[in-house]
Each structure stands twice: as structure tokens, then as C-alpha cells.
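S.K.: Spelled out, the chains give:
There are 4 protein chains.
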Amino acid sequence: MLRYGLIGANGKMGREIESYFSSFGDVCVFKKDVGLIEEHDTPQVIIDFSSPDAVAETVAICEKFNSALVIGTTALDESHFEMLQNLSESVPVVQSYNFSTGIAILKKMLKEYSHYFDNWDGAMVEIHHNQKKDAPSGTAKMLKSAMNRGLPISSIRVGGVFGEHTVIFSNAGETIEITHRALSRRAFTIGVRNAALFALGKQNGYYTYDDVLESLNEIL
Amino acid sequence: MLRYGLIGANGKMGREIESYFSSFGDVCVFKKDVGLIEEHDTPQVIIDFSSPDAVAETVAICEKFNSALVIGTTALDESHFEMLQNLSESVPVVQSYNFSTGIAILKKMLKEYSHYFDNWDGAMVEIHHNQKKDAPSGTAKMLKSAMNRGLPISSIRVGGVFGEHTVIFSNAGETIEITHRALSRRAFTIGVRNAALFALGKQNGYYTYDDVLESLNEIL
Amino acid sequence: MLRYGLIGANGKMGREIESYFSSFGDVCVFKKDVGLIEEHDTPQVIIDFSSPDAVAETVAICEKFNSALVIGTTALDESHFEMLQNLSESVPVVQSYNFSTGIAILKKMLKEYSHYFDNWDGAMVEIHHNQKKDAPSGTAKMLKSAMNRGLPISSIRVGGVFGEHTVIFSNAGETIEITHRALSRRAFTIGVRNAALFALGKQNGYYTYDDVLESLNEIL
Amino acid sequence: MLRYGLIGANGKMGREIESYFSSFGDVCVFKKDVGLIEEHDTPQVIIDFSSPDAVAETVAICEKFNSALVIGTTALDESHFEMLQNLSESVPVVQSYNFSTGIAILKKMLKEYSHYFDNWDGAMVEIHHNQKKDAPSGTAKMLKSAMNRGLPISSIRVGGVFGEHTVIFSNAGETIEITHRALSRRAFTIGVRNAALFALGKQNGYYTYDDVLESLNEIL
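In the order they appear, the protein sequences are chains U, E, P and D.
Heads up, the first sequence is in our numbering, so the first residue is 241 and it goes up one at a time.
Heads up, the second sequence is in our numbering, so the first residue is 241 and it goes up one at a time.
Heads up, the third sequence is in our numbering, so the first residue is 241 and it goes up one at a time.
Heads up, the fourth sequence is in our numbering, so the first residue is 241 and it goes up one at a time.
Just to be clear, a hint being listed does not mean it is correct.
Okay, derived cross-link-like pairs now, DSS-like style, lysine-lysine, Cα gap no bigger than 25 Å in a straight line [stated by the list, open to error]:
(1) E/K351 / P/K384
(2) P/K304 / P/K348
(3) P/K373 / U/K252
(4) E/K348 / E/K252
(5) P/K252 / E/K351
(6) D/K373 / U/K351
(7) D/K384 / U/K348
(8) D/K252 / U/K351
(9) E/K252 / D/K348
(10) E/K384 / P/K381
(11) P/K372 / E/K348
(12) U/K384 / D/K304
(13) P/K442 / P/K348
(14) E/K351 / P/K348
(15) D/K384 / U/K384
(16) P/K442 / E/K348
(17) E/K384 / E/K373
(18) P/K384 / P/K372
Examples of chain P residues toward chain D, derived with CB under 7 Å [to be verified]:
(19) G251
(20) M323
(21) S330
(22) N370
(23) P376
(24) G378
(25) V401
Note that these hints are calculated values from the structure, not bench results.
Each residue gets a CB set at the ideal place from its N, CA and C atoms; glycine is no exception.
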């Protein structure tokens, strides 16, 4: 049972996190959003999925409560990373752009296995809903850079597909396809809770979800 | 049991056709290729998977034997179609660029069903081996033109994939994917034999594989 | 803009329907659930995704308001169907166990096209989350019975997969796979609204979602 | 350029091996099959894809020529393994039931990564042509035993599918699917040549295709 705080509590991720965490009996003891502050108790960990503008204040809140931080805010710049690094000297900080366990596994797989496919052709296909603006997806680019090779990426934007990434390797006689499919925001809220549990076991330090992945069997 | 003739007998399709037909006890009674002519008996049907240059002579051979023609030669021009049309007044002619039954079914499906997807997004992905020069594939373009709609096509060229076409439709809540996969040249030789059997039941006329498809349950 | 009533307003489908309909400006003017009745205005159509026990009262409500009915309640018996048939003499009734447009399209496709696959082998794979109790799924059985053939069905129960049905046809040289994937309850709420719009264009009569499908291009 | 010998030279694998090897300029200097012996030169490596009955004589041939052995014969018993072990003291022996590089990679992946999926559900689907007698496939069983977990396996037998294995992992929010598809016997002949090249770099010893996999980047 966690006592946690939520920055961006009214956003889509904020509400999903609260809904998922409450299924474990966790209690949200601190909430912040535009025009909203609620403080009921001291949070063990602060969770922030809001905007870069909020980082400075989030850091101050963690310092005040001496609480860990799990932050998934995107589009951070150098100054934000510096603030988070400083904070990580006193409390544990888990920062990632993607809290999906499956994507973390896939990235690791591609990094460790792509050399076996040196003599195979490769390609990537990523499919997302028609509201997604960027192509290729940030995740596709991250997966590609985990491999020590070039690779064409086809981006497809259709309907309501939440997020699908497929890596294809093929030689003259066989094909291996690895597909990750995020079914819903649940893909990320599970990872956020994993990160929070991971952080509670640390004194301080700067971590990413890759570190959380390696500790999953101890946490769960 | 068919008695058939083979133009382009030493090409890849020629040899596959002979191998497949012989498994039914069919006999190749006439063979032609560069530097090769064999005539053992009167063929009921001539099969030509060679080159546009051969069309005139193939037509003359059909006239001489009064035999049906199944022709899968690609890159025909107006003059070739005229010769074939003329021939079809006296014997049955089945002409198609693709003798895959599955592709014929898929084309018909897309033609008849695409209006149900008017409010869905669509996309096509086609995957072929790395030796294929054109993109999108001729089949992808044919499938697209069977639908009454635009559709982006992603072409992937990897390894030894024989030929794979996937059409994806998606709306906000669901997805339908239809994939055709040709496993080997066998996809085409089956269709060639279907076309030959179909032709034997006709007096004359110009047909495509779409006509063969509609008669399959009578032939087989 | 619809004025509609909702039976089972607090259930998962009820809340999803209200959320989806409101994005079109539709107004829920009548609500009923255990311990709840709200009546603000006369609904044009009543939507019921609750339980068989509620059917008799739902029918009475439709009669009182002279409103159409869209009903997706499962496990109805003969007596329920009789009540709905009687009601359909005075108002339009759309009854279906599955309001997914994609599943309705797939069912029609399989019904109309399975004879083309008479000489192909067939199989079905359906994948659902690990909470699903029945196997094969009701949808898999419905799809199978739409085809004029036998077909083995493999049922896989893993994680949080919302609902996936794949029909595979294969002959010696090629394969066609058709996959329907429901991404979320949205697959059904879209269909429910289609059915409501369809019903508003009718005087009376008993309809299923198959009828709605055939009118989609007129409605939307 | 290899000088190799072929036991079972007239079988399907034998002819495929000869066809594939010849595309590299390799020369088959020794051939054996029922009623056939050809000896043109001393082979560097003997390749045997025939039957268990042939093992004793194959071992004698390797000893006579002091040549390496690559053996893919299935259904070996203890006595055969003992003969091969003895031979491996003087020459390199590569023995495997499956020479597909992709399957070797997949097996290693599953072995090393399955613990990351401890909290996910798992399932396997394998699809093969309708002539395949055993189910699940030997490869499916091998892949399953590489993982430290139970896993239901669905076996589908349709048409001419050469061989397809899919492992699915799913939790409440995401899914990872890994599919290996053998496109043709080429999947194996590539591996056989890899194994032959690997063996030429060794003095002696008993190896499997897993060892070949780890040396691929040095060989190729």
C-alpha cells in the first residue's frame, strides 16, 4: 500500500494512475493540478505526468516531503535534467519517456540480439491512431537507435490503434517478426507503479525504466 | 488428365507448371523455349508464361492446333491484346497477370466490401523479397484500384519473402486486417491448372482469372 | 443530436455509451439502474445493456414514451424475444448480441465468401483476456456458423487482450488471414449509436445489427 | 569454396543442399544414396540428412577421409549419439535436429528473456501444412522447454504452410508476439552451410547449431 502524490492529477494519465493504484489500496495523499492543491498526508513518492513547466515546483515538493520522484513528463530540456539530477542526490528519481515494460523488454532484446541479424534484412512498421502527429513515433526511433544498424520505418496512421511496433528480420529462408502492442494506457500505469515500488527500495540516485526492468522480479 | 503445351518450358514458371501438372497425370505434349521445340501430340490447351515477343507465335500455334490458350505473360501492349482478342473468337483464351486464387478472392472482397469501410481509415502493407525492383507491387496497385477509395501503401523489401499483401481498416474502436501470403510459386501453378480446366469447358471467348474464380466449384 | 434513455446507466457499457454519445452533443434524458430513476424529457430511443430481468420493464418504458429500442442484453430467452417482437409492432426494435460493425462485416464476408475456400483448409484463432470464462467465444461460434463448413477453433486466454478473432484459410500455395481486433468498448458504442440513428428512421419493425450495417452509408 | 560430401544426396534436403551450395561455387565431391556412390575427391566435410540406419557408415566415411561431419538426421538413439561422440574426438561434429538460424535465435531469446515475462500470461501457436503428423511440432516443444515456464500450445494444420511458430506474452496493458516463419527448406540449407563453415575452423569436438550461432559473425 503506497502513499503517493500526483502532479497533473486531472490529466488523462493522472486519472488512470489514480484508478489503477487504487485497485491495490494505494492512497493518493497529495494532488496538484491547474487550480488544485490537496494535501492529506506525507507522500512516499511523487508521480508527475504533467508538463516541463511544472518540473521546478515538483522538485521543490519532493524536497519538502523528502519523497521519491517518478516522472514521465516529455519534452524535457537540459535545465530540467539538471534539476532532476540534483534532486537525485537526496532522493531516488526515476525518469523515463516511456513506462511500458514491454517496450523496455523489446529495446533490450533488440540491443542484445540485433548482431545475430547482421546478415538479415530488417524493417520496422509502427501503427498508431489518426490523431498522432509525429512520424515515426518517438518509440520507433528509440527502438531503432537501440540496434546497431540502419532500418527503414513505415508509419501507418489509422483509426484508434493505441500503439503497435513491429520489427521484421528476414533472410532468404526465414523471417522473425517481433510485435509490441500497447492495449491501453494501462501499459504505462503498470510501469509507473513498478517504478514507484522500485524507488521506495532506494536511498537516492537517478534511474530510468531500464533499471526498474532489471529489478522487476524483486519488486513483484 | 490434360494434354497441354508449354511455351517457355524451361523458365521457372514453366518447370513449376510441368512439375505440378504431372502430379495429376497430365502430359506435356508440346514444348517450346529458346532453341527448343518438342511436339508429341496435339495439345488441348497451350500455356504461355514467357515474353511479349512470343505472343504472335503462340497465337499461331493455338490456331494450328485449335487449342485453348492460358497466358500469364506480363507487360503486354495493345497489339498483343488485339491478337489475343482475335484468337478468342475461335478458341477460349484466359489472360491474367496474376493466377493466384487468393489474390482474385481478395480483389473481389475489397471491391464488394470497401464501401462498408467508408468511415474507417485504410492502409496497405506489402512485403516482398529484396530482389523485387518495383514498389508498390503490381498486385498492390491492382488491389487498391479494386477499391473505391484512396489508401497509402507501405512497401517493405526484405529477405526471401515470396509475397505478402495486408489491407488494414481501422476506426476508433476496432481494426480489420486481411493478409494474403503467397507461400511459393505453387500459388500460381494451381491457378494455371484451374484456368486450363476452365478453358476446356468453353467453345471460345476471352476470359480472365476472375471468370475462372466464379467457376471453381464446377471445375474442381 | 439524440435524446435518449439509458437502462443500466451505471454499468460499464452504460457509462461508455453516455461518454461516447455526449461527444456528439446527444442528451441522456432518461436514466434507470438499480436504485436510480431520472426522467428529464421524452427519449426518442431507449438503450438497454442491462440484464434479462429488466426486459419487461424496458418494454413498458418504450411503450409509455413511444420510443424506439436498442437492446444489447445477452442471454435472452424465448419469452424475452416474444416481448420484443410484440413491441416491434408499434416501435422500431434493434436487438443484437454484438454491436461491433467490424464483426458484422466479417460475418457477412465469411457467409458470402466461404464457398470460394471450399478446397482450402480453414481454422480460427480467438484471443481474449484471462478473465473470459467461456471458450470458444460466442462471437467465434457465430462466425463459424456463418460459414457453410467445419473449422477447428483455438482459444487463447492471455493478459488484457480485449478481443481478437482470426480466420485462416490455406491451400498448398497460399494463405488468407482475416483478423478482427476490438480495441476497446468503443467498438460497441459506435455500433449502438449507429443502431439508434437507424431506428429513428423507421416506423416500427424488428431489426438486428445486420440490418443497421446495410444502412450505414445512409445514416452516416 | 567447399569440397563436401553428401549422404542422402537424392533426398529433398540433399538436392536442396547441393543446389544452394553450388550457388557459392562449392563442389560436391562425394555422394551416397540408396544404390549410389560417387567419389571424385576428398571431402572437407560430410553432410548427412538421411536416416539413423546410415549413421554407422557415415561415421566410417568421416574417419576414412578425416573429414568433419554435419548431421541433421532425426530420431537418433543413444547408440548413434555414442558413435558421434567418439567420432568427435578426432574430427569436428555438428549435430542438430534443426538447422534454422532463426529458430536458434528464438530459442536463445526465450531462454534468456522469459523471466522478464514472469508476471505475463504466455501462449504459443504453431501452424504447419496439413501433411504434418505430429502436434505440437518438435520445434514448439523445444522452444517451450527453453523457457522456464508452462505455456499452452495451439497447433493448427492447414494447407501448405511451411512452418510458423508464434509466442505470445500479454499482461493487462500490453502484448508482445514473436513469430518465426520458415519460408522454405532454404531456412535449413543456409544453416547447414553455416555449420560446414564453422566445422572447418575446428580441430575436433562435438557441437550443436547453438555453437554455430555464436560464431556466425566470425564465419560470415
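S.K.: Give a verdict on every hint.
M.R.: Going through the hints against the structure:
no., hint, in the structure
1, E/K351 / P/K384, "holds (23 Å)"
2, P/K304 / P/K348, "violated (36 Å)"
3, P/K373 / U/K252, "violated (31 Å)"
4, E/K348 / E/K252, "violated (28 Å)"
5, P/K252 / E/K351, "violated (37 Å)"
6, D/K373 / U/K351, "violated (38 Å)"
7, D/K384 / U/K348, "holds (21 Å)"
8, D/K252 / U/K351, "violated (37 Å)"
9, E/K252 / D/K348, "violated (37 Å)"
10, E/K384 / P/K381, "violated (32 Å)"
11, P/K372 / E/K348, "violated (36 Å)"
12, U/K384 / D/K304, "violated (51 Å)"
13, P/K442 / P/K348, "holds (23 Å)"
14, E/K351 / P/K348, "holds (14 Å)"
15, D/K384 / U/K384, "violated (29 Å)"
16, P/K442 / E/K348, "violated (32 Å)"
17, E/K384 / E/K373, "holds (19 Å)"
18, P/K384 / P/K372, "holds (19 Å)"
19, G251, "violated (21 Å)"
20, M323, "violated (39 Å)"
21, S330, "violated (45 Å)"
22, N370, "holds (6 Å)"
23, P376, "violated (12 Å)"
24, G378, "violated (19 Å)"
25, V401, "holds (6 Å)"
Hint check: violations occur at hints 2, 3, 4, 5, 6, 8, 9, 10, 11, 12, 15, 16, 19, 20, 21, 23 and 24; the rest are consistent with the structure.
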